[in-house]
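Please take these sequences and the hints and turn them into a complete structure.
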Amino acid sequence: MQVTDRITAGDFRLIADSAPVPMWVTDLNRRRSFVNKAYVGFVGGDYADATALDWRTIIHPEDAARITAESTAGEASLGTFTLEARYRRADGEWRWLQSVSQPRWGSGGEHDGFIGVAHDVTERHEAEASLRQSAESLRLAIEGAGMATWEADLRTARGRWSPNRFDLLGYPRTDDHSGSVDDWLARVHPDDEGIARDAVARCFGQGEPYNIDYRIRRPDGIRWLQSHGSRIDYRDGRPSRFVGVSFDITERKTAEARQQLLIDELNHRVKNMLAIVQGIAHQTLKPDVDPLAARAAFEGRLAALAAAHNLLTDQHWSPVPMRRVIEETIAPHGRPQAFRLAGPDLLVAPKTAVSIALAIHELATNAVKYGALSVAQGSVAVDWSTNAGEGEQRLRMEWRERGGPSVAAPARRGFGTRMIERGLAAELNGTVSVTFAAEGVRCVVDAPLPAEGRG
Amino acid sequence: MRQLTGKRVLVVEDEPIVAMCLEDILTDLGCEVVGPAYSLPQGLAQAEDGRIDAAILDVNLGPDTSLALADALAARAVPIVFATGYGHTLGPTAVAAEVLSKPYTAAEINDALVRALQGG
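Chains A and B, in that order, give the protein sequences. All residue numbers for the first sequence refer to UniProt numbering, where the first residue is 1 and numbers rise by one. All residue numbers for the second sequence refer to UniProt numbering, where the first residue is 1 and numbers rise by one.
Hints were generated in silico from the structure; no laboratory data involved. For glycine and all other residues, C-beta sits at the position ideal for the given N, C-alpha and C. Careful: at least some of the hints might be erroneous.
What the hints assert, rightly or not - Quick list of the computed label-pair ranges, beta carbon to beta carbon: (1) A/P448 x B/A77: 34 to 40 angstroms; (2) B/A77 x A/R335: 56 to 62 angstroms; (3) B/S101 x A/T156: 55 to 61 angstroms; (4) A/R323 x B/P63: 22 to 28 angstroms; (5) B/S101 x A/R335: 43 to 49 angstroms; (6) B/A77 x A/A331: 51 to 57 angstroms; (7) B/D111 x A/R335: 46 to 52 angstroms; (8) B/D49 x A/N429: 17 to 23 angstroms.
Claimed, not checked - Among the chain A residues that face chain B by a calculated CB cut under 7 angstroms, a handful are: (9) K271; (10) L274; (11) A275; (12) Q278; (13) G279; (14) H282.
Quick look at the structure:
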C-alpha cells in the first residue's frame, strides 16, 4: 500500500469529523475557516452557525477575562498554547475544556493562523473539587475535634503545621504554616522531654508509630497533650514523611487527678471510721460487761454513728445545723414530746457534729434506761446559746433531765460518761461536765465557738 | 509483752474515741500515756514538757499534719510511730519512723513501739 505525502482536503475533513473532540482551524483574522463535527455538536446549530460563532459569547463569565488575556498572549507568542476554561455546551451545560492551539504555516513559511483541539476535562475538575471539598471537610472535622496536625520531611524534620497546631503550642501562626520538630520539642516540659525525644527517635529510625501523653510549657501555663505520630514510607522513591496529630488532654488529666484525690480521701475516711468503730468496740465490749448488754450498747452506738454520717452525707460534708444533729440523734430514743429543744441557728463542723451526736446518744441512752425517759412524766430540755457580741465567742449547751426517778451517781464512770466528758471536750476544746444531781442528770458544755459556727 | 512497762508514750490523735482506745491499749501494755493531744498545737505543747520515751502520732490532725511535731521530736531523738488512714504512704518526711495503718491492733502497737524504741 502506497501512502501519499500529501492528504487531500477531503481526507482531512474525514479524519477531523471522525475525531470525538472539537477541532477548528482559524485564519489570521480569527475567523473559523473550518470546524469539525464534534465542534458543531458542542456549540449547536449547523455548520455555518458554528463557524460564525464568536467563542467569547459562550465562555463562563468568571473565566472570560483570564482567557481573553491568555489567548491574546498565546497568539502573539506564535507558539503552541493551552487554555482551560468553562464553555456553555449546546444543551446549556457548562463544561471545562482544555484547548491546545498551535500556529499554522503557509507553503512559503508565512503565519496563516491556528489549529485548535479541545478536550472535555470537566470530570477531572469535578474530581479535584470533590477532593478539595473532602480534604476541607476532613480538616474541619479534625480541627473541630480539637486535633492539630503536622507533617514533616524526614530529612529536614520540618514541614507544615495546621493553623491550630501553632495555637496549641503557643506560637504565632505563620503564613507558610512552616514548623519543625525542634520548635515542638522546645515547648515540651523538661520532665517529659525524654519521653518525647525517645518516641520521635524510634519513629524516625525504626518507623515505630507512637502515642504519648506529655506536658508542654506554654506562655499561658502548663498543658497536657497527647500526640500520635507515624512515619510514612513511599515505594516510588519519594522521601519518607513524619505525620501525626496532637490534642489537649489537660481537662482529662485534671479530672483523673481529682478522682485519685477523692479515692484517697474516701479511703482515709473509711479507715478513720473503722478506727472509730474499733475504738467503740474496745470501750464497749469489756470483759466485765454482760455480753448481751454489751452487744445492745455497741449496736446503739453504731446506729448513732451511722445517723450522724447520714446527716453529714446529706449535707455533703459541709457544716450542719446544731438542731438537726440533736433531733436526728434523739429520734430513736423515747417519745419526741418528752424533749424540748431551744437554741439559735448554729452550724457545726462535720467532725464536731459526729462528736455531739455520740455524746447526745450516750445521754439519751442513759436517760431511757435509768433517767427521766424511763418514766412517762419525765422530760429532757436541751438548750444551747452563743454569747454573740461579748468578746470571745463561746458555745454553751445544756442537757437537763426532769421528772425522772431520783438519781444516784454511778459507782464508776462508764464509757458513755467518759466519752462525753473527755471526747466531746477534746473535740470542742472546751469543758464538759456531767452531774448526777438527785432531780436529774445534767450535762453542761462550755467551749469556744468553732470557726464554722461563726456568723 | 512487758518490754514497754513504764515507758512514757505521747499520744497525738484528733479523733477522741480513737485516742481513748489507744490510751486503754497503751495502759494495758504497761505504758504511761502522755496526753492525749487532739491537735498539732496541743501536741507541740505536750512535747515541750516532761520526759517522753516514744510518740504515736496520727498523721492528719484536722487542718494540720503531725510532720512538724515529728521533726521536733526527731531532733530530740524521740522514737516515733505514725498512725495513718492513708495506708502506708506518708508523703515527704525526712523522719525515720514506724508506720501503722489504721485501724490497728494492740499487738501491732506493741511491736511498732518496741521496734521504734530499739531503733532509737
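**OP:** Have a go at the A/H282 hint: is there a Cβ in chain B nearer than 7 angstroms to its own Cβ?
**Re:** Since chain B brings a Cβ to about 4 angstroms from A/H282, closer than 7 angstroms, the hint holds.
Original post:
Quick one: are B/A77 and A/R335 within 56 to 62 angstroms, going by C-beta?
Top reply: 60 angstroms, holds
Subject >> Closest C-beta approach of A/Q278 to chain B relative to 7 angstroms, hint status >> reply: 4 angstroms, holds
Subject >> Range hint compliance [Cβ, A/P448 to B/A77, 34 to 40 angstroms] >> reply: For B/A77 against A/P448, whose Cβ atoms are near 35 angstroms apart, the range 34 to 40 angstroms holds.
Subject >> Cβ distance range 55 to 61 angstroms for B/S101 and A/T156, holds or violated >> reply: At 57 angstroms between Cβs, range holds.
Subject >> Outcome of range test on Cβ distance (B/S101, A/R335; 43 to 49 angstroms) >> reply: 44 angstroms, holds
Subject >> Outcome of range test on Cβ distance (B/D111, A/R335; 46 to 52 angstroms) >> reply: Holds, since B/D111 and A/R335 (Cβ atoms, about 50 angstroms apart) stay within the stated range.
Original post:
Regarding the hint that A/K271 lies at the interface with chain B, is the smallest CB-CB distance below 7 angstroms?
Top reply: 3 angstroms, holds
Original post:
Is the interface hint for A/L274 satisfied, with its Cβ closer than 7 angstroms to some Cβ of chain B?
Top reply: 5 angstroms, holds
Original post:
Are A/A275 and chain B close enough, Cβ to Cβ, to be under 7 angstroms, as the hint says?
Top reply: 4 angstroms, holds
Original post:
Honestly, do B/A77 and A/A331 meet the 51 to 57 angstroms range at C-beta?
Top reply: 52 angstroms, holds
Original post:
Is it true that B/D49 and A/N429 lie within 17 to 23 angstroms of each other by Cβ?
Top reply: 19 angstroms, holds
Hint violations for this structure: none, all hints satisfied.
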